Amino acid sequence: MKVIASLFFILIFSTICFSMGKPPQEIDSHHNSKSHQLNSAIPALDKAITIDVTITGMTCAICAHGIEKKLKENSEIQTIYADFDTQLIRIITQNKPAVTDDFIETSIDWAGYKVITINRY
Amino acid sequence: MRNSFNYTLKYFLLIITICVSPIFSHPVTFKGGYAVSLQSSNLLTEGYINKSFSKRYSLGLQGFHLGESNETLGLLHYNYLLKRWYFHDAQANIYTTASLGWNNTKKTLFPCVHIKADAENRRIFSSVSATIMKPSHDYFLKVVTRLGLAPYKHQFSGVSTWFMLEASYLDYRSNQRQFMPIYRGFYKSILWELGTNGTSSFFHFMIHY
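Protein sequence lines, in the order shown, are assigned to chains A and B.
Counting from 39, one number per residue, gives the positions in the first sequence under the working numbering.
Counting from 3, one number per residue, gives the positions in the second sequence under the working numbering.
Since the hints were made in silico from the structure, they are not lab data.
Just so you know, these numbers come straight off a predicted model, no measurement behind them.
Using N, Cα and C, we set each Cβ at its ideal position, and we do this for glycine too.
Treat each hint with caution, since some may be false.
Quick list of simulated restraints, FRET-style, between CB atoms [claimed, not checked]:
1) A/T94 <-> B/L151: 18 to 28 Å
2) A/Q116 <-> B/I209: 33 to 43 Å
3) A/E143 <-> B/F55: 35 to 45 Å
4) B/Q180 <-> A/K134: 52 to 62 Å
5) B/N199 <-> A/R158: 51 to 61 Å
6) B/F55 <-> A/T94: 21 to 31 Å
7) B/H90 <-> A/Y159: 57 to 67 Å
8) B/G49 <-> A/E111: 47 to 57 Å
9) B/L143 <-> A/T92: 38 to 48 Å
10) A/E114 <-> B/A132: 39 to 49 Å
11) B/I117 <-> A/N133: 42 to 52 Å
12) A/K110 <-> B/L78: 48 to 58 Å
13) A/N112 <-> B/Y36: 43 to 53 Å
14) B/N106 <-> A/E114: 31 to 41 Å
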């Protein structure tokens, strides 16, 4: 009886956790510099630069947390968003020269992952 | 003599459990990253802290108390990421660990070597690990495997849920087998696990920062 109750509790708890997670955000991979649309989870900022970094092997929040932590060592980075479905890391900054490709590649390498592409908008 | 043998065997079983227990999902995280883990079970209470000095290796320090024998032990771990394979939405890893332990109650040193391989995506997790040591004239081998399934694909901002089954095999003068279902959850950098098989149970909590 206790086992059944425990299983029931775990299933209910999992359902609640599932409902807490946000659905995958659509990320426009066909960027148009004249009609750039930001992800709804990231606030629109005047003169903000978006840098989309495609990586591979990112499977868990701990992985993404490590990447986020290394990238945020650069104080010019305002927001980072990770999307597991597209293996994309989106960086928002207002100081484009301060966030170089070398910094991004080194930070993600230190986090244990590989950069596939970097696109700036 | 039989009681002495049983005590010795039980002592080494606990040692091996301790050697295996700190080897959590990512012994090496990211350069400069810390991990803190707490675990409690019928047999022991353990605390573990680990720092990754690069993407390849980390050092860990573990302390725990054995309830039944009332002993306090400490272990120094060297964890090394031997190889990582990258796939879209999946990864596979091989880790090795070399440890040196100190029994503060008996004032003795003991070595421990461990290897672990895992492969996972956002729906399926699998791992196998082996611990080898030579506490006496005989070699000691313990193999642990885990298979986990996620009921849904988690996202970056949500809670991840896993249901796992762990099977362990021990070979040291006699063979022992154990199965344990485990619930694992994590949110961002916090992980928790609950397991029970009716006769034994454990709780594990870990945070990365």
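Now for the hints, and whether the structure bears them out:
| no. | hint | in the structure |
| --- | --- | --- |
| 1 | A/T94 <-> B/L151: 18 to 28 Å | holds (23 Å) |
| 2 | A/Q116 <-> B/I209: 33 to 43 Å | violated (25 Å) |
| 3 | A/E143 <-> B/F55: 35 to 45 Å | violated (20 Å) |
| 4 | B/Q180 <-> A/K134: 52 to 62 Å | holds (56 Å) |
| 5 | B/N199 <-> A/R158: 51 to 61 Å | holds (53 Å) |
| 6 | B/F55 <-> A/T94: 21 to 31 Å | holds (24 Å) |
| 7 | B/H90 <-> A/Y159: 57 to 67 Å | violated (23 Å) |
| 8 | B/G49 <-> A/E111: 47 to 57 Å | violated (28 Å) |
| 9 | B/L143 <-> A/T92: 38 to 48 Å | holds (42 Å) |
| 10 | A/E114 <-> B/A132: 39 to 49 Å | holds (46 Å) |
| 11 | B/I117 <-> A/N133: 42 to 52 Å | holds (45 Å) |
| 12 | A/K110 <-> B/L78: 48 to 58 Å | violated (31 Å) |
| 13 | A/N112 <-> B/Y36: 43 to 53 Å | violated (20 Å) |
| 14 | B/N106 <-> A/E114: 31 to 41 Å | violated (48 Å) |
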